[in-house]
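Participant: Listed below are the residues making up each chain.
Number of protein chains: 2
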Amino acid sequence: MINVSVYRRPIFAAAMYAQQPRILTVENMNPNVKKMEYAVRGPLVIRAVNIEKEIANGTKKPFKSVIKANIGDAHAMGQRPITFFREVLACVTFPPLMQTGQFPKDVIDHAKTILNDCGGCSVGSYSQSVGVNIIRKHVAEFISRRDDISSDPENILLCGGASDGIRNILKLFVNKNSTVKTGVMVPIPQYPLYSATIEEYNLGLVGYYLDEQKNWGITLNELERALTESKKEFDVRVLCIINPGNPTGQVLSKENIKEIIRFAHNHKLFILADEVYQDNIYGDGCKFHSFRKIMSEMGQPHSEIEIASFYSVSKGYMGECGLRGGYVEVVNMDKDVFAHLKKMCSAKLCSTVIGQIAMDCAVNPPKQGDPSYELWFEEKTNTIKSLKERAMLVQKVYDSIKGISCNPIQGAMYAFPQIMLPEKAILKAKALNQEADFFYAMQLLESCGVCVVPGSGFGQKPGTYHFRTTILPQLPLMKEMMERFTAFHEKFMQEFS
Amino acid sequence: MINVSVYRRPIFAAAMYAQQPRILTVENMNPNVKKMEYAVRGPLVIRAVNIEKEIANGTKKPFKSVIKANIGDAHAMGQRPITFFREVLACVTFPPLMQTGQFPKDVIDHAKTILNDCGGCSVGSYSQSVGVNIIRKHVAEFISRRDDISSDPENILLCGGASDGIRNILKLFVNKNSTVKTGVMVPIPQYPLYSATIEEYNLGLVGYYLDEQKNWGITLNELERALTESKKEFDVRVLCIINPGNPTGQVLSKENIKEIIRFAHNHKLFILADEVYQDNIYGDGCKFHSFRKIMSEMGQPHSEIEIASFYSVSKGYMGECGLRGGYVEVVNMDKDVFAHLKKMCSAKLCSTVIGQIAMDCAVNPPKQGDPSYELWFEEKTNTIKSLKERAMLVQKVYDSIKGISCNPIQGAMYAFPQIMLPEKAILKAKALNQEADFFYAMQLLESCGVCVVPGSGFGQKPGTYHFRTTILPQLPLMKEMMERFTAFHEKFMQEFS
Chain U
1 MINVSVYRRP
11 IFAAAMYAQQ
21 PRILTVENMN
31 PNVKKMEYAV
41 RGPLVIRAVN
51 IEKEIANGTK
61 KPFKSVIKAN
71 IGDAHAMGQR
81 PITFFREVLA
91 CVTFPPLMQT
101 GQFPKDVIDH
111 AKTILNDCGG
121 CSVGSYSQSV
131 GVNIIRKHVA
141 EFISRRDDIS
151 SDPENILLCG
161 GASDGIRNIL
171 KLFVNKNSTV
181 KTGVMVPIPQ
191 YPLYSATIEE
201 YNLGLVGYYL
211 DEQKNWGITL
221 NELERALTES
231 KKEFDVRVLC
241 IINPGNPTGQ
251 VLSKENIKEI
261 IRFAHNHKLF
271 ILADEVYQDN
281 IYGDGCKFHS
291 FRKIMSEMGQ
301 PHSEIEIASF
311 YSVSKGYMGE
321 CGLRGGYVEV
331 VNMDKDVFAH
341 LKKMCSAKLC
351 STVIGQIAMD
361 CAVNPPKQGD
371 PSYELWFEEK
381 TNTIKSLKER
391 AMLVQKVYDS
401 IKGISCNPIQ
411 GAMYAFPQIM
421 LPEKAILKAK
431 ALNQEADFFY
441 AMQLLESCGV
451 CVVPGSGFGQ
461 KPGTYHFRTT
471 ILPQLPLMKE
481 MMERFTAFHE
491 KFMQEFS
Chain R
1 MINVSVYRRP
11 IFAAAMYAQQ
21 PRILTVENMN
31 PNVKKMEYAV
41 RGPLVIRAVN
51 IEKEIANGTK
61 KPFKSVIKAN
71 IGDAHAMGQR
81 PITFFREVLA
91 CVTFPPLMQT
101 GQFPKDVIDH
111 AKTILNDCGG
121 CSVGSYSQSV
131 GVNIIRKHVA
141 EFISRRDDIS
151 SDPENILLCG
161 GASDGIRNIL
171 KLFVNKNSTV
181 KTGVMVPIPQ
191 YPLYSATIEE
201 YNLGLVGYYL
211 DEQKNWGITL
221 NELERALTES
231 KKEFDVRVLC
241 IINPGNPTGQ
251 VLSKENIKEI
261 IRFAHNHKLF
271 ILADEVYQDN
281 IYGDGCKFHS
291 FRKIMSEMGQ
301 PHSEIEIASF
311 YSVSKGYMGE
321 CGLRGGYVEV
331 VNMDKDVFAH
341 LKKMCSAKLC
351 STVIGQIAMD
361 CAVNPPKQGD
371 PSYELWFEEK
381 TNTIKSLKER
391 AMLVQKVYDS
401 IKGISCNPIQ
411 GAMYAFPQIM
421 LPEKAILKAK
431 ALNQEADFFY
441 AMQLLESCGV
451 CVVPGSGFGQ
461 KPGTYHFRTT
471 ILPQLPLMKE
481 MMERFTAFHE
491 KFMQEFS
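Residue numbers (the UniProt record's numbering), protein chains in the order written: chain U, 1 to 497; chain R, 1 to 497.
Keep in mind that the hints were calculated from the coordinates and are not lab data. Be aware that a few hints might be false.
No copy labels: a pair is met if it fits in one copy or bridges any two.
[Stated by the list, open to error] Only pairs whose alpha carbons sit at most 25 Å apart, straight line, appear in this in silico DSS-like list of lysine-lysine:
no.: 1; residue 1: K34; residue 2: K181
no.: 2; residue 1: K137; residue 2: K53
no.: 3; residue 1: K268; residue 2: K34
no.: 4; residue 1: K287; residue 2: K385
no.: 5; residue 1: K232; residue 2: K176
no.: 6; residue 1: K335; residue 2: K34
no.: 7; residue 1: K342; residue 2: K35
no.: 8; residue 1: K137; residue 2: K335
no.: 9; residue 1: K335; residue 2: K53
no.: 10; residue 1: K402; residue 2: K268
no.: 11; residue 1: K342; residue 2: K34
no.: 12; residue 1: K137; residue 2: K343
no.: 13; residue 1: K53; residue 2: K112
no.: 14; residue 1: K343; residue 2: K171
no.: 15; residue 1: K343; residue 2: K53
no.: 16; residue 1: K53; residue 2: K254
no.: 17; residue 1: K64; residue 2: K293
Here chain U stands alone, though its shape is the one from the complex (with noise of 0.2 Å):
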């Protein structure tokens, strides 16, 4: 007989409990964050980082490690950071190193020039919620030399990385008085802050498809289809562009962005540039043209579309995430909103001085016959080509396996591979109430250790199944990836065939 003095405490305990129901419940929280997906972030990555803590403790498992290939975060994955930057920020954290004699002439000089514009000469002082005055002109400058227009430091906010800056730009466009909601373009696939924050700030996300045939190219016709499509349900004001694309790797063509460009003119669209993966380029004949240049070059009107376009210390050959550094720069805003703009970041205070200076360092690197020079160069330039082999090597493996086809890595960081999943494995999935590629991506992970995004995180044609990997395991690891995926994929689809 079970002895049931032993449960009386925990049933006294359950009851004290209904006498205290909790005054924040999931009922009446916040339902849009209820809703918020963050894929990149989500299930698999807290199951990835359980088994790390499993086989830390002991846990026998077919595989010694994790190979995290969900997030696009360089240096965890062994890209060593770029002196220059971290010298900078040394001797602006601790300023007495600039006596010592160790770093050279144009570092500290770099470092002086951002404190003398610092509160106190100190990192440790707030900026202005725009940001350090001569970090916003250096990246001013950036601009102007990249573009060869000119370009307004009073137009740059410096924020927490480009996420915080998409955030606050789309903040602007919540329209609470309105019955309709506003409708925002975003890429299928996407990168999930757009789907995410769409979905917390209670906005209309307006899918439009990328192109897979055409290596995830931008199509007028999608761009008209998905706009026409919305235009019942909601306001549509805005369109988000990635390029180079995440998740999908392509990097768009000048007449691809001018055909963008007259859409988004034709339909009176705030165009939202997202291009941290400028410095991200590995594609013969491919090149980065950003927005801005190209509407400057085309004249009016075009010239006069609202634009907001974003960079970060995080992408690029720096991959810098941890520091959180970004900009936005935003043209030909209405002065009133842009006043209101700012009055918002005013209450956030404003973002990390370490991160802004970071930043700096990214806009304004060392010049040819500074001492700084030439290390920065080689640094910069090996880390790009060597992501550039990495690139080459995960999308020829990958388009090698039967059962799976990877388009061209033109930029960015990401393989988005198409996986042909056989019907058996779906019909799995469905039983277990998963999607396909998240079964498909979470057995992976299981027997396999390898952790990748389903590509229902990112959204896909239905029907369709994919995946994202990055590109950033250093060489000998990746290449361990690349083994341990192949064998995973012939066995899943012997098991499911």
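With the hints as your guide, set chain R onto chain U.
Facilitator: Okay, now just chain R, sitting in the frame of chain U:
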């Protein structure tokens, strides 16, 4: 006769402009962002920055520089960074420094411990969205030591300053499905982050007045009044407490905290304990008591109240505002709501790793016997001592001026003196369509270059007028500020009496 032809181009441009109405306008933008106000960085501060530019450009003014006493930005006002913090930050940003022999062993150990828990041993990697694990552990240990209770690292979220954490928690209470807004009780006067965020999120502000006669104390009667009167309009579910008070500088007694906790329990309120000034205690016999500790001491049912408490590296003795480091400890939150909160954080990737490491230095400083201990202790003690001296000086001077009364500054970094404005000044302000204390503060700025924030930016009882000034200018500048102020005030009172 005017030559019309020269005007042709501007007219053409204007016509073009008319054909190109903006997509995003003040009329159709987010109405909540429009309504937001943030006085600490409002029109007065914008004017102060412009005056500084005018002085730099050679404009003659009756003063040689603007003294900015508007914002709690210690380093900008000359406070020196704490060496230990900056040495650790230098080592984590540029690890080769750890091999040069120039830093003490405990600094290096500290840096290594953290780097070992960062992806790829780099501060350039994303941390988990909730923060670097070892730092969350150190935060929990800090709370356990401080309060003699057990704190769970799983309940700690690292965030970009306390503001970021407060905004994340308040966001959970947005309830768009309901026709009744969630009411949030905030002290009046309050720190405008609360009113601004409440506007931005479309929540309901329920102000409870602090009692100026009782040194800005919180009384039960007033809490009951505020709650009762707002119940018709709002579903009141949150009680914000700022202790030590900003802008009012009071430190709550243990008994007072117990009363407030009972009130929260009786009325089913989630407590937001803004405790960022916990290190800034100056008043004789005053002591910081955390809400979490008192709740826990009171036992059931009060120990089961849902609470979020906040700390920051921006205040205290370190004053590292620009680094953006903070934490929130969440206790008794429904576990599914907590999972949604963590998911929401993940869409913002992570807070700055450098800010997180600064928080680590704050919660895990050198221990007695460590090579850095003596210097750290000396710097910490001297900083707090100096702040205390300035708190005493400021209060004494203000309170001795005719037409001004100022409560003792028991803690935090501000004085909030009351000005007995003459009727004539109030009428003059009205004629200018300004708040009377805004008018007063603007005159103060224009005529003697002292920048403070009018009380209307924080809220105050109708018919009373105040301003907030920080106690942060270093002693010589502080003395100059008090002299400038006293001269201005006498002249102002003469002019309008």
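Participant: Going back to the hint list, which numbers does this structure go against?
Facilitator: 10, 16 and 17
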